[in-house]
Amino acid sequence: MVPIAYYLVLAAILFSIGVAAFLIKRNVVTIFMSIELMLNAVNLTFVAFAHMWHQVQGQIFVFFVMVVAAAEAAVGLAIIIAIFRTRQTLNVDQINLMKL
Amino acid sequence: MNPNVLALLPEIILTLTGVLVMVAEPCLAPTASRKPLGWLAVLGTLAAGAASWYQLAFGTISAFSGTIQVDAFSIFFQLLIAAVALVTLLGSLDFFEGNASHAGEYFALSLFAAVGMMFMACSVELLMVFIGLEISSISTYILAGFRKGQATGSESSIKYFLLGSFATAFFLYGVALAYGATGSTTISAIAQGLGASATPRMAFLALAMIIIGLGFKVSAAPFHVWTPDVYQGAPAPVVGMMSTAPKAAAFAVLLRITFSGFPEMHHRWAILMWILAALSMTIGNLGALLQKDVKRMLAYSSIAHAGYLLVAFTALPREGISAACFYTAAYAAMNVGAFAVITQVSGYSEQARSIEDFTGLALRRPLLAGTLSFFLLSLIGIPFTGGFFGKFYVFTAAMHAGHAWIAVIGLLNSGVACFYYLRLLAALYTRRSQARELAQPDHVLSHRHVSLPAEAGLTLAVAATLILGIMPGPIVALAERAGLATIPAPHLLAPPDRDQAASLWCTQHPDECNTHVDTANR
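Chains as they are written, first to last, in this note's numbering: chain V, 39 to 138; chain U, 50 to 571.
Simulated from the structure, these hints should not be mistaken for laboratory data.
Note that the Cβ used here is the ideal one computed from N, Cα and C, for glycine as well.
Just so you know, not all the hints are guaranteed correct.
What the hints assert, rightly or not - Which bits of chain U does chain V cover? Going by a derived footprint, with three or more residues having C-beta under 8 Å, they are:
#: 1; stretch: 226 to 240
#: 2; stretch: 411 to 422
Claimed, not checked - Away from chain V, derived, C-beta distances all over 12 Å, residues of chain U:
#: 3; residue: A78
#: 4; residue: L105
#: 5; residue: L176
#: 6; residue: S206
#: 7; residue: L221
#: 8; residue: F253
#: 9; residue: M314
#: 10; residue: R367
#: 11; residue: I431
#: 12; residue: P432
#: 13; residue: S463
#: 14; residue: L515
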């Protein structure tokens, strides 16, 4: 059997990749995808812990995270379309009307 | 009444009103005024506030298998959120008149955002907190970009959305780790599990992650980068709401999680909060000094105020929670008021942006200028305003806990803050120079008459700020009740403290004394 720690480390790595991509990537859609990666790392952590504690509670949490992520994606993609309409670009470096 | 229905009565009322507004909106003729929908939303908010007040008589209501707990603490924040929503809705009733916008959706989304925030205030299960957080966040993401044609509007929306979701992921990872460390996601069970936890380090990491996630939501430095851009680009009434109500809700959650979920680690997270508070106050105030845009300046000021509020977390539980509650109320009253004035002054198109555009406002619209000055004085913390007592309680609470230095930093910061608030205040009462008058005849400021509902909203905000400053007694009493409701019940404390805490609990909470003794014996 695969030990719990392996899952946790994998999830931590995925989460870190998500954070790094969020900070490095310049395309709005890619940034959005990196947030999804972070959420899925969280889901993996939940499932691993649910298995460790022999409870379903953690698995239920995962369903809620998925549903909310879907709602967020709907709104997020709509906002991305709105920004593309006004600016004709999805590069965050060019979405900079407001600066100090 | 069924306890489940009773516990969620305000949320149910708001949701139904929101759905009704949404359904009614397409039934109206495209050219018809959307004002009736706004009035419907106002009525719903009033009813929800009344329902919250009604719940106060029932003491602590536990519902939905212990995931929802309605007590003095949650009711305090729910009343606050309802009041903020009310002022915002009253101020924006005429905001959308005369331009082809989707005012109906605006009213519905404001109501849904309020539902989410109220949910956050009364949840004691992190899953429920997460759902409430997302209901309120998703609504405010849309509201931020409500002026669709404007490039700044959609830019502020995307920035809010990306950083908000980023923060949510951190919050969730924290919850997952807390679940791993303690085997539960209920706040009270986490507190119990901490004692037996084999991995205290992971539990602390979980708390740190949760603090990062909520730190983004309350715009505490160093997680504040989104605030100025979002506040600058979003419509003024929306900013008034999202700079106060979601912050209040996030602070409610933070208070519950830290003080009643992780009481044993108080000395460790108090240091984290100390650092966050010092950074937020300093970065907020120094950043505001450099701003020319009024909304951007108020955004930095709101970062600074989040810092003052975080000072309360370094204090001892009882005093700290009541001070934080009072400060949230005072801050909400003055900030939502300031943005309500800006809404009236600059109108839908918001061409009056910089401090220069506000020059000479007192000559044209003396009453509005006077109201704005009052809110600015309160934000500074001048006596006889809510801001003064808020700061007073927070800093006293920190001093009592032995954190004198953070109070010193806070007071120094209040001095710095005077400068930028007074700069705007001075501009209001300065005559515009002749050259400027010729170059730009006065069309930047909105000439629209302040409507009756907007006046009512402004009066409410002024009255609240004044009452909090002149006779804070009743609100302090309510805040203290709220503080007591959140302190961990005696059975969660370590044995030596237990008898003492139990006797304190019983003197302060005569009606709930028996129930807690029962749980302790079980």
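Are all C-beta atoms of chain V more than 12 Å from that of M314/U? Label holds. Min Cβ-Cβ 20 Å, cutoff 12 Å.
For L515/U, is the shortest CB-to-CB distance to chain V above 12 Å, so the non-interface label stands? 34 Å, holds
Cβ separation check - L105/U to all of chain V, threshold 12 Å: It holds; L105/U is separated from chain V by about 30 Å at its closest Cβ, greater than 12 Å.
Please settle this one: L176/U was flagged as non-interface, so is its CB more than 12 Å from every CB on chain V? 6 Å, violated
Determine whether the non-interface label on F253/U survives the test: each CB of chain V must be over 12 Å from its CB. 16 Å, holds
Interface-negative label, A78/U against chain V, beta-carbon threshold 12 Å: The claim stands: A78/U keeps its Cβ more than 12 Å from every Cβ of chain V (closest is about 26 Å).
Taking a Cβ-Cβ distance under 8 Å as contact, does the stretch 226 to 240 of chain U have three or more residues in contact with chain V? holds (count 6)
Could you let me know if the closest chain V CB is still more than 12 Å away from the CB of I431/U? It holds; I431/U is separated from chain V by about 28 Å at its closest Cβ, greater than 12 Å.
Is the Cβ of L221/U farther than 12 Å from every Cβ of chain V? 4 Å, violated
Please verify the coverage claim for the stretch 411 to 422 of chain U: does it have three or more residues whose C-beta sits within 8 Å of some C-beta in chain V? violated (count 0)
In terms of Cβ atoms, is chain V entirely out of 12 Å range of P432/U? The claim stands: P432/U keeps its Cβ more than 12 Å from every Cβ of chain V (closest is about 33 Å).
Taking the minimum C-beta separation from S206/U to chain V, is that value above 12 Å? For S206/U, whose nearest Cβ neighbour in chain V is about 5 Å away, the distance does not exceed 12 Å, so it is violated.
When the structure is compared with the earlier hints, violations turn up for hints 2, 5, 6, 7 and for no others.
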